[in-house]
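Chemist: From first to last, the protein sequence lines stand for chains A and B. Residue numbering for the first sequence follows this note's numbering, starting at 1 and increasing by one per position. Residue numbering for the second sequence follows this note's numbering, starting at 1 and increasing by one per position.
Keep in mind the hints are simulated off the structure, nothing from the lab. Honestly, I wouldn't trust all of these hints.
Stated by the list, open to error - Some chain B residues flagged as far from chain A (calculated, every beta-carbon gap over 10 Å):
| hint | residue |
| --- | --- |
| 1 | Leu82 |
| 2 | Val104 |
| 3 | Ala109 |
| 4 | Ser152 |
| 5 | Arg156 |
| 6 | Gly159 |
| 7 | Val295 |
| 8 | Val301 |
To be verified - Beta-carbon label-pair distances, calculated as ranges:
| hint | chain 1 | residue 1 | chain 2 | residue 2 | range |
| --- | --- | --- | --- | --- | --- |
| 9 | B | Asp15 | A | Ser207 | 17 to 23 Å |
| 10 | A | Gly263 | B | Ser141 | 32 to 38 Å |
| 11 | B | Gly107 | A | Asp276 | 52 to 58 Å |
| 12 | A | Asp28 | B | Leu176 | 45 to 51 Å |
| 13 | B | Thr182 | A | Ala280 | 55 to 61 Å |
| 14 | A | Ser207 | B | Asp304 | 33 to 39 Å |
| 15 | A | Glu180 | B | Arg19 | 25 to 31 Å |
| 16 | A | Asp276 | B | Leu42 | 43 to 49 Å |
Since this is a predicted model, take the numbers as computed values, not measurements. All C-beta atoms in this analysis are idealised placements derived from N, C-alpha and C, irrespective of residue type, glycine included.
Number of protein chains: 2
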Amino acid sequence: MKQADYDSWARTEIDAVERALEAWVPSDAPAGLGLAMRYGVLDGGKRLRPLLVLAASQAVHGLREAAMRAACAVELIHAYSLIHDDMPCMDNDVLRRGKPTVHVQFGEARAMLAGDAMQALAFEVLTPCNEQLGAPGAASSVPPALQARLCSLLARSAGHNGMAGGQAIDLASIGLPLDEHTLRDMHHRKTGALLQGSVLMGAACGSATAEQWSALADYGDALGLAFQVIDDILDVTQASVTLGKTAGKDIDNNKPTYVTVLGLEAARRHAHELRDKAQAALARSGLADAAWLSVLADKVVERDS
Amino acid sequence: MKQADYDSWARTEIDAVERALEAWVPSDAPAGLGLAMRYGVLDGGKRLRPLLVLAASQAVHGLREAAMRAACAVELIHAYSLIHDDMPCMDNDVLRRGKPTVHVQFGEARAMLAGDAMQALAFEVLTPCNEQLGAPGAASSVPPALQARLCSLLARSAGHNGMAGGQAIDLASIGLPLDEHTLRDMHHRKTGALLQGSVLMGAACGSATAEQWSALADYGDALGLAFQVIDDILDVTQASVTLGKTAGKDIDNNKPTYVTVLGLEAARRHAHELRDKAQAALARSGLADAAWLSVLADKVVERDS
Numbered sequence: 001m002k003q004a005d006y007d008s009w010a011r012t013e014i015d016a017v018e019r020a021l022e023a024w025v026p027s028d029a030p031a032g033l034g035l036a037m038r039y040g041v042l043d044g045g046k047r048l049r050p051l052l053v054l055a056a057s058q059a060v061h062g063l064r065e066a067a068m069r070a071a072c073a074v075e076l077i078h079a080y081s082l083i084h085d086d087m088p089c090m091d092n093d094v095l096r097r098g099k100p101t102v103h104v105q106f107g108e109a110r111a112m113l114a115g116d117a118m119q120a121l122a123f124e125v126l127t128p129c130n131e132q133l134g135a136p137g138a139a140s141s142v143p144p145a146l147q148a149r150l151c152s153l154l155a156r157s158a159g160h161n162g163m164a165g166g167q168a169i170d171l172a173s174i175g176l177p178l179d180e181h182t183l184r185d186m187h188h189r190k191t192g193a194l195l196q197g198s199v200l201m202g203a204a205c206g207s208a209t210a211e212q213w214s215a216l217a218d219y220g221d222a223l224g225l226a227f228q229v230i231d232d233i234l235d236v237t238q239a240s241v242t243l244g245k246t247a248g249k250d251i252d253n254n255k256p257t258y259v260t261v262l263g264l265e266a267a268r269r270h271a272h273e274l275r276d277k278a279q280a281a282l283a284r285s286g287l288a289d290a291a292w293l294s295v296l297a298d299k300v301v302e303r304d305s
Numbered sequence: 001m002k003q004a005d006y007d008s009w010a011r012t013e014i015d016a017v018e019r020a021l022e023a024w025v026p027s028d029a030p031a032g033l034g035l036a037m038r039y040g041v042l043d044g045g046k047r048l049r050p051l052l053v054l055a056a057s058q059a060v061h062g063l064r065e066a067a068m069r070a071a072c073a074v075e076l077i078h079a080y081s082l083i084h085d086d087m088p089c090m091d092n093d094v095l096r097r098g099k100p101t102v103h104v105q106f107g108e109a110r111a112m113l114a115g116d117a118m119q120a121l122a123f124e125v126l127t128p129c130n131e132q133l134g135a136p137g138a139a140s141s142v143p144p145a146l147q148a149r150l151c152s153l154l155a156r157s158a159g160h161n162g163m164a165g166g167q168a169i170d171l172a173s174i175g176l177p178l179d180e181h182t183l184r185d186m187h188h189r190k191t192g193a194l195l196q197g198s199v200l201m202g203a204a205c206g207s208a209t210a211e212q213w214s215a216l217a218d219y220g221d222a223l224g225l226a227f228q229v230i231d232d233i234l235d236v237t238q239a240s241v242t243l244g245k246t247a248g249k250d251i252d253n254n255k256p257t258y259v260t261v262l263g264l265e266a267a268r269r270h271a272h273e274l275r276d277k278a279q280a281a282l283a284r285s286g287l288a289d290a291a292w293l294s295v296l297a298d299k300v301v302e303r304d305s
């Protein structure tokens with residue numbers, strides 16, 4: 001029952017996110033830039049981050065337009081990071097979501113620019129307030145103070161203290177023995193920050209008490225780490241065709257992972273502990289409408305791709 | 001007199017911008033990322049964009065803290081675009097502001113990430129509102145609605161309709177004959193959008209009437225184009241040592257410029273026409289305290305590096 005309801009909710013929300021991205025990511029940006037941007041973000045991915053935003057917003061009865069903008073903005077940031085991460089100077093990957101990566105399809109220069117433009121677009125989507133520049137969809141129900149708060153949360157999740165910082169550690173750690181503490185710090189930033197940011201951006205769309213905010217932050221933190229532990233496990237246990245990206249590349253790249261540091265079984269146990277921690281934080285929040293957040297924490301750990 | 005006053009004002013403001021960037025660009029971002037970010041933005045450049053923000057803000061008696069944040073944010077965007085633009089997959093340049101470019105100094109991967117993190121940091125600097133994430137400098141005098149407006153202006157100047165879009169046209173136009181119209185569109189976006197955006201962000205910090213806003217937009221538009229025409233001229237008339245970057249690279253890269261399309265003399269005349277247009281727009285604004293904006297329009301056309 002819960003599962004069927006969740007599936008129906010998730011399908012509806014993913015459709016809504018696709019439609020919104022379809023409208024907001026321009027096809028007519030010059031010199032093929034729009035095509036590269038659309039290729040990089042449309043019609044692919046599990047949309048976990050948008051679902052987290054929307055589920056968290058729903059849990060606090062958040063403003064729908066704000067949550068949808070936040071959901072798309074966070075996915076734009078995620079998608080741009082994948083484009084840049086796949087480039088030859090980074091992970092040099094040719095396959096993503098079962099398709100050639102953006103730089104393979106559009107060239108390196110255009111891939112880099114598409115990523116850059118997608119990061120800017122994320123903040124455009126969050127700030128539909130600029131009548132003077134003739135932005136589309138002039139009228140918006142999102143209060144400017146909420147727009148600013150969402151920009152703040154997104155920028156801090158994406159930047160040097162978040163995703164970009166985590167990727168820098170990731171790069172620097174290739175071939176090095178990392179202890180669990182450093183590995184955790186890397187993943188906290190690299191994957192965790194944007195997943196936690198998704199939850200908090202959703203929470204910012206409604207009215208959460210300080211206690212609820214803190215509980216949701218803990219939920220997002222545990223879920224983010226669980227996601228990465230599972231990612232590390234899937235990299236060694238699944239085939240590329242299931243993942244839609246190159247499997248085994250952490251080992252090929254000699255990158256430390258939860259599997260290399262803890263071993264496969266201990267990594268699995270750790271993922272389950274983190275899931276339990278996320279569920280406990282959710283229970284502590286006392287939010288009555290947090291069922292989808294609860295399902296999402298299970299899904300993150302139970303996924304096979 | 002006017003010149004001496006301007007020089008003193010500009011020196012004081014540039015010092016203030018350097019101090020603010022020094023404080024806001026982290027030295028302790030992980031794995032050398034902070035060092036690369038600081039290398040890319042500190043202690044270099046003419047700081048034209050920050051000066052435009054601060055001069056425009058002063059003309060409308062804008063809020064000082066907001067203007068300083070906007071000045072630094074716009075410079076972070078400019079500096080990140082130079083880092084990415086210099087990379088091997090783009091212009092492949094090794095010299096910038098008289099120093100090795102960021103990717104030469106720190107490697108390509110870290111250069112790309114530093115640029116990405118600097119774009120995020122620009123929006124962090126604009127949104128000092130997020131007490132929950134323990135952001136430094138919790139108390140801020142910038143109203144959230146102004147934070148949102150500044151984010152909106154910056155995102156639109158930097159993204160596919162602005163700078164990133166212009167760079168995509170630039171890339172795609174290598175070796176192609178461009179007419180003046182297409183060349184103008186490219187430069188409007190590539191350089192003009194962020195220069196105009198700087199003026200408008202400054203204007204947003206105070207209270208400009210709709211007419212004043214429109215006049216400042218025209219001023220920024222003409223100044224932005226004049227800047228690029230002069231850039232094209234300097235690329236063929238100056239030595240690398242004067243420019244602090246590789247001279248003659250437009251021709252080496254077979255890029256269309258105002259000089260190749262109009263010829264050197266006609267390009268010079270055009271720059272002066274654009275300067276006059278900027279001054280006329282400024283006069284039309286009726287702003288009493290726009291003297292520095294007026295000097296800046298002259299400087300842009302008279303500069304030799």
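Chemist: Indicate, hint by hint, whether the structure satisfies it.
Modeler: Now for the hints, and whether the structure bears them out:
1. Leu82: About 12 Å separates leucine 82 of chain B from the closest Cβ of chain A, which puts it past 10 Å; holds.
2. Val104: holds (13 Å)
3. Ala109: violated (5 Å)
4. Ser152: violated (4 Å)
5. Arg156: Violated, because the least Cβ-Cβ distance between arginine 156 of chain B and chain A comes to about 5 Å, which does not exceed 10 Å.
6. Gly159: About 3 Å separates glycine 159 of chain B from the closest Cβ of chain A, which leaves it inside 10 Å; violated.
7. Val295: holds (25 Å)
8. Val301: holds (26 Å)
9. B:Asp15 - A:Ser207: 17 to 23 Å: violated (43 Å)
10. A:Gly263 - B:Ser141: 32 to 38 Å: violated (53 Å)
11. B:Gly107 - A:Asp276: 52 to 58 Å: violated (40 Å)
12. A:Asp28 - B:Leu176: 45 to 51 Å: Distance hint for aspartate 28 of chain A, leucine 176 of chain B is violated at roughly 19 Å.
13. B:Thr182 - A:Ala280: 55 to 61 Å: Cβ of threonine 182 of chain B to Cβ of alanine 280 of chain A: about 60 Å, so the range 55 to 61 Å holds.
14. A:Ser207 - B:Asp304: 33 to 39 Å: violated (57 Å)
15. A:Glu180 - B:Arg19: 25 to 31 Å: Given a distance of about 40 Å, which is not inside 25 to 31 Å, the answer is violated.
16. A:Asp276 - B:Leu42: 43 to 49 Å: Taking Cβ atoms as reference, aspartate 276 of chain A and leucine 42 of chain B lie about 46 Å apart, which means the hint holds.
Of the numbered hints stated above, those contradicted by the structure are hints 3, 4, 5, 6, 9, 10, 11, 12, 14 and 15, listed in ascending order.
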